[in-house]
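S.K.: Spelled out, the chains give:
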Amino acid sequence: MSFRPDHELHGRRLSRNIGLGVTLVAFVALVFALTVVKVTRGDPMQGFDHTVRPELDRTTQP
Amino acid sequence: MSDVQANPLNGEAQFGDYVALLKPRVMSLVVFTALVGLLVAPVGVHPVVGFAAILFVALGAGASGALNMWWDADIDAVMKRTQSRPVPAGKVQAGEALGLGLALSGIAVVMLALAANLFAAGLLAFTIFFYAVVYSMWLKRLTPQNIVIGGAAGAFPPMIGWAVATGGVSVESALMFGLIFMWTPPHFWALALFMKEDYHKAGVPMLTVTHGRAETRRQILIYTVLLIPISIWAALTTIGGPFTLATAVVLNAIFLKGAFDIWKRAEPQAEADKYAVEKLFFKFSLGYLFLHFAAFLVEALLKTYGLGGWA
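For the protein sequence lines, the chains are D and X, in the order given. Using the numbering used here, the letters of the first sequence correspond one by one to residues 1 to 62. Using the numbering used here, the letters of the second sequence correspond one by one to residues 1 to 311.
One thing to keep in mind: the hints can contain errors.
[As the list claims (entries may be wrong)] Reference excerpt, derived from the structure (chain X facing chain D, CB under 7 Å, subset only): (1) Glu12; (2) Gln14; (3) Phe15; (4) His46; (5) Val48; (6) Ala52; (7) Ala115.
Just so you know, these hints were derived from the structure itself, not from any lab. For every residue, glycine included, the Cβ atom is placed at its ideal position computed from N, Cα and C.
Looking at chain D on its own, in the form it has when it is part of the complex:
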């Protein structure tokens, strides 16, 4: 129980905080889902890392 009635300002801040929280949780869930799909489909997982990796060179692939 609050001792002072909330100002409208607090209501607006609460709406921002909840909105941002929900957005961030949804974003995390989406990135997780994308990761699961890409890993299970076997998309290329390696990137160039300053060393030669023949398996990344598409022209040498059969």
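Let chain D serve as the given structure and place chain X on it in line with the hints.
M.R.: Then chain X, alone, in the frame of chain D:
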């Protein structure tokens, strides 16, 4: 006493005010056309990847909307139609709109590149740049052709959707682009005919202000006539079929009739019935685009049952 002290709610936006910065109504059209572009493409996309891609395209469109609201805050405050937007209404600071627009642009483009491919992400980045910089900052206040060139920004989403699936462009995706591109001028000029005070007050060089209302009526008819071959051509490609062609013929016939009615009307006649024909044409133009893209979608669905398409 400063304004901030006088009204402590100034600058205290609700979450919905930030959502309003992203122009959700424009976004709905972007989502729909991008989704159609993705679904009618000949390459299948995993549903999660497709969902994420459409979401990031919508986010990019929203970001360009926020950038547009930052730049156009001064003219939005003058026009009745846009006065209640978050920045002119004092709910969100202009700088916040700029920050949100830039941040969301970056997130949308990077995430689309990771979720789909670099080509689609590049197209999205170009679309945001085109709408925010080429249209909003450069051409909108400079030339009465602003609507024609700005229409390109709204025409890219189906092309991006297609690129998400295929990684490139094709005649089909170019025709979907062309369809929205040619549809935009008649759609917005019809709006300008009955919202005449707004653009005039704001000093935006709309065709109605610079070349007169009779010329605007003529241009609506010209662009509508030019739209028809693109619509029919699209219906004859691999994304079309008998159903799409029939839909396109009917839609174009109604649209052309509306444009013809607008062209032959004189201004006193339009004022007498409070621009009834122009308002009807504007409303139908929304239905035209929605139904045309829905027809591509139905055709793709029919194909899965061996019914649609030309083969």
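S.K.: Would you settle whether the hint for phenylalanine 15(X) is holds or violated, based on the nearest Cβ-Cβ distance to chain D being less than 7 Å?
M.R.: At 3 Å from the nearest chain D Cβ, phenylalanine 15(X) passes the 7 Å test, so the hint holds.
S.K.: For the hint on glutamate 12(X), does the least C-beta distance to chain D fall short of 7 Å?
M.R.: 5 Å, holds
S.K.: Hold the hint about alanine 115(X) up to the distance rule: shortest CB distance to chain D must be less than 7 Å.
M.R.: Where the cut-off is 7 Å and the nearest Cβ of chain D is about 6 Å from alanine 115(X), the hint holds.
S.K.: Using 7 Å as the Cβ threshold, decide whether histidine 46(X) counts as touching chain D.
M.R.: At about 5 Å, which falls below the 7 Å cut-off, the nearest Cβ of chain D leaves the hint on histidine 46(X) intact, so it holds.
S.K.: Any CB of chain D closer than 7 Å to the CB of valine 48(X)?
M.R.: Given a least distance of 5 Å, the restraint on valine 48(X) holds.
S.K.: Hey, does the glutamine 14(X) contact hint survive, CB to chain D under 7 Å?
M.R.: 4 Å, holds
S.K.: Any CB of chain D closer than 7 Å to the CB of alanine 52(X)?
M.R.: 5 Å, holds
Consistency note: the structure conflicts with none of the earlier hints.
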